[in-house]
Amino acid sequence: MPDGKEWKMMGQKKKTKAKVVCQAEIADGIFDMWMETELAQTARAGQFLCIYPQNGKTLLPRPISICEADKEQGRLRIVYRVAGQGTAEFSRYHVNRTVDLLGNLGNGFPLEAAAGKKVFLIGGGIGIPPMLQLAKELAQEGEAANVSVIAGYRDCRLFLKEDLERYAKVYVATEDGSAGTKGTVLDAIAENGLEADAVMACGPMPMLRAVKRYAKEKGIEAYISLEERMACGVGACLGCVCKTVGKDAHSHVHNARICTDGPVFLAEDVDI
Amino acid sequence: MNTKVSIAGVEFKNPVMTASGTFGSGMEYSEFVDLNRLGAVVTKGVANVPWEGNPTPRVAETYGGMLNAIGLQNPGIDVLLERDLPFLEQYDTRVIVNVCGKTVGDYLETVERLGDTKADMLEINVSCPNVKEGAIAFGQKADSLYEITAAVKKKAKQPIIMKLSPNVTDITEMARAAEAAGADALSMINTLTGMKIDVHKRKFVLANRTGGLSGPAVKPVAVRMVYQTAQAVKIPIIGMGGIANAEDALEFLLAGATAVAVGAMNFVNPYTTVEVVEGLEEYMERYGVEDIRSLIGGVEEVK
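So the sequences go chain by chain: A and B.
The numbers in the first sequence follow numbering that gives the first Met the number 0, run straight up by one, and end at 271.
The numbers in the second sequence follow numbering that gives the first Met the number 0, run straight up by one, and end at 302.
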């Protein structure tokens with residue numbers, strides 16, 4: 000990560016008000032919301048939004064990944080799990096409700112790393128949503144030779160599967176075996192005899208660790224999207240760091256800021 | 000209308016500053032805020048060498064506030080001198096460098112390195128509750144505070160601000176010790192030590208178990224301590240603790256603070272600092288206040 004990387008996004012971050020276009024629960028506790036916002040114009044796959052609860056009791060924003068951007072209509076889509084009072088509040092937002100958000104934050108997935116390659120997009124649980132925008136960008140402007148999505152779910156509520164199929168072939172793994180391969184995303188890769196030259200992934204830490212090991216064994220690059228409890232979302236508070244293998248160019252210690260230096264990292268650069 | 004205030008001979012265009020640790024070195028928030036509008040930028044604490052800080056999770060949300068246990072992660076004085084100070088020098092604002100250390104020697108080394116820089120003042124962090132060595136160890140006993148203040152004052156080329164901890168029995172005793180040792184100003188309050196437990200996992204939310212509480216939840220405590228301290232010492236006070244808007248800032252000024260700093264609320268609204276600057280001007284216009292200095296300690300005492 001070169002010094003001065005933070006300048007790349009200069010002037011694109013802002014706190015703004017969006018308007019809810021529609022919202023629906025698409026699986027148990029998983030909500031799908033479209034918002035009208037000018038941030039849609041510049042959003043990139045793998046970036047995230049900080050959304051502020053308005054209840055007055057809680058102050059800090061909730062970092063939520065961008066699931067899809069519709070530039071023509073100026074809309075952003077998030078698909079999120081209700082995990083606490085903040086996300087519970089968001090889930091009750093009706094059409095036309097104003098949403099306070101800060102965006103677009105973080106660096107997205109590097110499309111150029113997929114050029115000419117067979118690529119796996121691996122999403123686990125609530126890590127699946129950012130794979131949709133990534134699949135879309137790779138299909139529309141990327142130069143990947145081939146893109147396969149491997150999505151890991153708890154059960155047969157296969158949220159976003161049909162959306163993903165618009166852009167790539169989708170393979171499914173479920174914990175309970177009720178759809179696709181019973182087991183993990185790596186079990187699905189093995190069962191279907193799939194191979195790739197690069198991996199881009201988002202999901203729970205055990206999955207990301209397994210993806211990192213898998214990529215190392217195969218000698219291929221893996222880009223993984225990390226999460227951590229955040230406060231500022233813009234790189235100032237140093238709350239959301241992850242351990243890095245080398246000394247980070249900004250911090251000069253073995254910590255990188257997930258919000259600003261990530262959330263997408265080359266797996267071999269981070270100590271997870 | 001005069002919004003200028005002066006602390007230890009340093010003039011600030013207005014009394015609004017950033018609280019150390021909440022604003023990086025200004026670079027991150029310069030995307031949101033015109034730093035030229037601020038009275039001063041107070042940088043994240045810096046030590047003589049880089050510090051890794053604490054494990055994650057480092058932050059947690061609480062009712063009306065937040066806990067942090069960053070552990071003073073910082074890139075060290077070399078990087079501050081090479082990268083952060085030159086960045087801040089581009090702006091027409093005062094620069095206050097916050098200094099932390101594990102030993103008195105650490106503090107002195109950093110203070111000495113800052114001597115020939117354009118930093119306008121130094122803020123000495125003797126009140127971070129999240130590191131095992133140094134910091135708060137110097138800020139909870141009056142004699143230790145006296146010693147480190149006197150040692151730093153002897154070495155420093157800039158005026159020094161001692162940042163006080165609220166985690167003491169009597170903050171005025173600490174304030175008097177710092178003043179007696181030669182401190183040019185005080186800043187207060189640092190965070191209040193707190194704890195949060197996740198009842199579902201039955202675990203501490205913060206990896207460090209305890210963290211510093213900040214945000215609007217602490218404001219009444221901070222205002223009270225600023226008021227008490229202003230009665231006890233003659234040196235100026237920079238007041239902070241949960242300031243979210245101009246009204247909050249005015250409470251601190253009326254309680255006796257010469258300047259104020261915005262901390263955790265930067266995370267909630269990145270434009271807070273400038274909104275406070277504008278709100279203070281509106282207040283002055285509304286009430287016909289010609290000079291902001293007339294508000295300092297201006298709360299009416301019952302006779």
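Honestly, the hints are just simulated from the structure, not real lab data.
Yeah, the Cβ is synthetic: ideal placement off N, Cα and C, and Gly gets one too.
Hints may contain errors.
Unchecked claim - Distance condition first, Cα-Cα at most 35 Å in a straight line; then the derived DSBU-like pairs of lysine-lysine:
1. B:Lys117 x A:Lys246
2. B:Lys152 x B:Lys233
3. A:Lys13 x B:Lys117
4. B:Lys117 x B:Lys154
5. B:Lys3 x A:Lys13
What the hints assert, rightly or not - Coverage of chain B stretches by chain A, computed from C-beta distances (three or more under 8 Å per stretch; other residues unrestricted):
6. 25 to 37
7. 60 to 72
8. 139 to 147
9. 153 to 160
10. 266 to 273
To be verified - Per label pair, the in silico range of CB-to-CB distance:
11. B:Lys233 x A:Pro203: 54 to 60 Å
12. A:Lys181 x B:Pro219: 55 to 61 Å
13. B:Asp33 x A:Cys155: 22 to 28 Å
14. A:Lys13 x B:Lys202: 54 to 60 Å
15. A:Gly245 x B:Arg208: 25 to 31 Å
16. B:Arg208 x A:Gln11: 35 to 41 Å
17. A:Lys13 x B:Tyr286: 28 to 34 Å
18. B:Pro54 x A:Gly245: 14 to 20 Å
19. A:Gln11 x B:Pro85: 21 to 27 Å
Structure-based check of each hint:
About 28 Å separates the Cα atoms of Lys117 of chain B and Lys246 of chain A, which keeps this hinted pair within 35 Å; it holds. Straight-line distance between C-alpha atoms of Lys152 of chain B and Lys233 of chain B comes to about 17 Å, which keeps the hinted pair within the 35 Å bound. Between Lys13 of chain A and Lys117 of chain B, the direct Cα distance comes to roughly 31 Å. Compliance with the 35 Å bound is thereby established for this hinted pair. With a C-alpha separation of about 16 Å, the suggested pairing of Lys117 of chain B with Lys154 of chain B holds against the 35 Å cut-off.
The suggested pairing of Lys3 of chain B with Lys13 of chain A holds, with an alpha-carbon distance near 30 Å, which does not exceed 35 Å. Coverage of the region 25 to 37 of chain B by chain A holds [criterion: at least 3 residues with CB-CB distance below 8 Å; count 5]. Counting residues of the region 60 to 72 of chain B whose CB lies closer than 8 Å to any CB of chain A gives 8, so the stated coverage by that chain holds, three being the minimum. For the region 139 to 147 of chain B, the proposed coverage by chain A is not satisfied: 0 residues have a C-beta within less than 8 Å of a C-beta in that chain, short of the threshold of three.
Only residues whose C-beta sits within less than 8 Å of a C-beta in chain A count toward coverage, and the region 153 to 160 of chain B has 0 of them, not enough to reach three; the restraint is violated. For the region 266 to 273 of chain B, the stated coverage by chain A holds: 5 residues have a C-beta nearer than 8 Å to a C-beta of that chain, and at least 3 were required. Lys233 of chain B and Pro203 of chain A have their C-beta atoms about 57 Å apart, which keeps the hinted 54 to 60 Å range intact. Taken as a hint, the range 55 to 61 Å holds for the pair Lys181 of chain A and Pro219 of chain B, whose Cβ atoms sit roughly 56 Å apart.
At roughly 53 Å, the beta-carbon separation of Asp33 of chain B and Cys155 of chain A lies outside the given 22 to 28 Å, and the hint is violated. Checked against the hint of 54 to 60 Å, the C-beta distance between Lys13 of chain A and Lys202 of chain B comes to roughly 36 Å, which is inconsistent with it. Between Gly245 of chain A and Arg208 of chain B, the C-beta spacing of about 29 Å keeps the proposed range 25 to 31 Å intact. Checked against the hint of 35 to 41 Å, the C-beta distance between Arg208 of chain B and Gln11 of chain A comes to roughly 38 Å, which is consistent with it.
Remark: the range hint 28 to 34 Å for Lys13 of chain A to Tyr286 of chain B is upheld by a beta-carbon distance near 33 Å. The hinted range of 14 to 20 Å is satisfied by Pro54 of chain B and Gly245 of chain A, whose Cβ atoms lie roughly 19 Å apart. In this structure the hint that Gln11 of chain A and Pro85 of chain B lie 21 to 27 Å apart at CB holds, the actual value being about 24 Å.
Of the hints listed earlier, those the structure fails to meet are numbers 8, 9, 13, 14, in rising order.
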